[in-house]
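Engineer: Sequence:
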Amino acid sequence: MTGRERPRVFHLITRLLKGGAEAKTIATVRGLDDYEFTVGYGAEYDQDQVDLLERNGIETERFSLIRHYNPVTTVPAVLSLARYLRREEFDIVHTHSTEAGIIGRFAAALAGVPHVVHTVHGVPFADDRNGVLNRFVLACERRAATYTDRIVTNADVIADEYLERGIGTRDQYTTVYSGVDLDGFADAEPAEDLPGERPRVVMVGRLADGKGHEVLLDAVESLKDFQGSVCIVGDGPLSDSLEVQIDERGLAEDAFLTGFRDDVPRVLAASDVLVLPSFREGTPRVITEAMASGLPVVATDIAGIPEQVEDGENGYLVSTGDSGALAERLEELLADGELRERMGARGLERAEQFSVEAMVEELGEVYQERLQE
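Numbering (the working numbering), first residue to last: 384 to 756.
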């Protein structure tokens with residue numbers, strides 16, 4: 384460690400949008416006062432997120448060569464970033480997500496950064512992703528792990544899966560659950576402008592491949608005498624195609640795209656069941672947010688989700704792509720208000736271990752451990 388008053392920590396994330404990984408990163412740099420932070424991000428970004436960081440005194444830096452699954456720009460991105468890191472002399476580089484994690488750790492090794500931390504926000508290997516791409520990412524992850532001091536996962540099961548794939552060693556891993564402002568959800572007033580009737584099923588997240596929006600639509604289409612509504616909250620590249628699908632399936636009076644909402648606590652307060660039929664995840668913040676809002680959850684049995692949702696207690700777990708099982712669980716919950724209330728109460732109890740305060744404190748301990756070595 385240098386003799387500076389505060390250690391300098393550089394966070395690097397692939398895309399600075401309005402997702403769970405970004406929220407966790409921003410909460411960390413805002414919550415730890417004993418460090419001087421800079422947040423780097425790739426070609427895709429949301430100006431609101433940049434402005435939020437800068438209003439809080441956090442420096443930002445854009446690296447346009449870091450792009451979502453673009454191998455052509457990977458090597459130039461590593462070299463450009465390595466020059467930046469060498470010039471800035473950071474004490475810790477903390478990378479996030481797949482592309483920034485690989486590029487950032489290779490660059491940190493070239494630049495001779497003394498301490499490197501990487502957070503796995505979601506498992507990048509999935510059946511719905513190209514097999515050649517899966518193998519390439521696996522090879523890169525294995526190599527990048529050799530340049531990493533500490534690998535932070537959102538769930539124990541993710542660490543186990545990475546180790547089974549030959550990524551790193553057991554002593555490199557630590558679990559830090561994604562943190563949420565629990566009070567902000569428990570005390571939220573219901574939004575009054577959501578379309579459709581209650582009971583309301585809600586899905587919150589980026590409209591992108593891998594989230595399982597089509598699985599949800601398949602499930603709703605198969606329900607007989609569907610009573611209630613479905614709100615799909617978020618924006619992204621699938622927006623137009625999902626709108627077409629809703630019309631073609633004859634669901635225009637049942638399922639609605641709300642677009643991006645900056646009042647998710649109020650949206651959840653006005654809903655009755657959260658659904659997340661994703662094909663790949665980490666430990667999704669939105670599930671914790673739903674638990675803090677007292678909602679039962681129906682989600683896929685992958686990654687860290689079973690550490691949030693105990694099947695039959697605060698929600699249900701289904702297999703990826705199984706729209707039939709999803710429909711059965713939704714039908715059961717929509718028909719039984721007492722069951723929803725009972726599961727929601729259990730979710731409130733489980734949410735305590737996922738507070739933002741606990742997350743920030745544990746990440747601070749990771750930094751201190753590295754700096755003291």
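Quick caveat, the hints were computed from the structure, so don't treat them as lab data.
Yeah, the Cβ is synthetic: ideal placement off N, Cα and C, and Gly gets one too.
You may find that some hints are simply not true.
Ranges between beta-carbon positions, derived for each pair [claimed, not checked]: (1) E442 <-> A718: 51 to 57 Å; (2) D570 <-> D684: 28 to 34 Å; (3) D434 <-> G642: 25 to 31 Å; (4) A591 <-> Q751: 21 to 27 Å; (5) L521 <-> V455: 51 to 57 Å; (6) S605 <-> L516: 51 to 57 Å; (7) A635 <-> D684: 28 to 34 Å; (8) Y452 <-> L546: 21 to 27 Å; (9) A591 <-> P454: 17 to 23 Å; (10) Y452 <-> K401: 16 to 22 Å; (11) P620 <-> R553: 18 to 24 Å.
Only pairs whose alpha carbons sit at most 20 Å apart, straight line, appear in this in silico DMTMM-like list of lysine to aspartate or glutamate [said to hold, decoys possible]: (12) K401 <-> D637; (13) K401 <-> E437; (14) K401 <-> E714; (15) K401 <-> D429; (16) K607 <-> E715; (17) K401 <-> D646; (18) K607 <-> D592; (19) K401 <-> E427; (20) K401 <-> D645; (21) K607 <-> E724; (22) K607 <-> E597; (23) K607 <-> D719; (24) K607 <-> D646; (25) K401 <-> D434; (26) K607 <-> E437; (27) K401 <-> E442; (28) K607 <-> D684; (29) K607 <-> E636; (30) K401 <-> D431; (31) K401 <-> E444.
Engineer: Hint by hint, which ones does this structure get wrong, listed from lowest number up?
Structural biologist: Per hint list: 3, 4, 5, 6, 11, 12, 14, 18, 21, 24, 26 and 28 violated.
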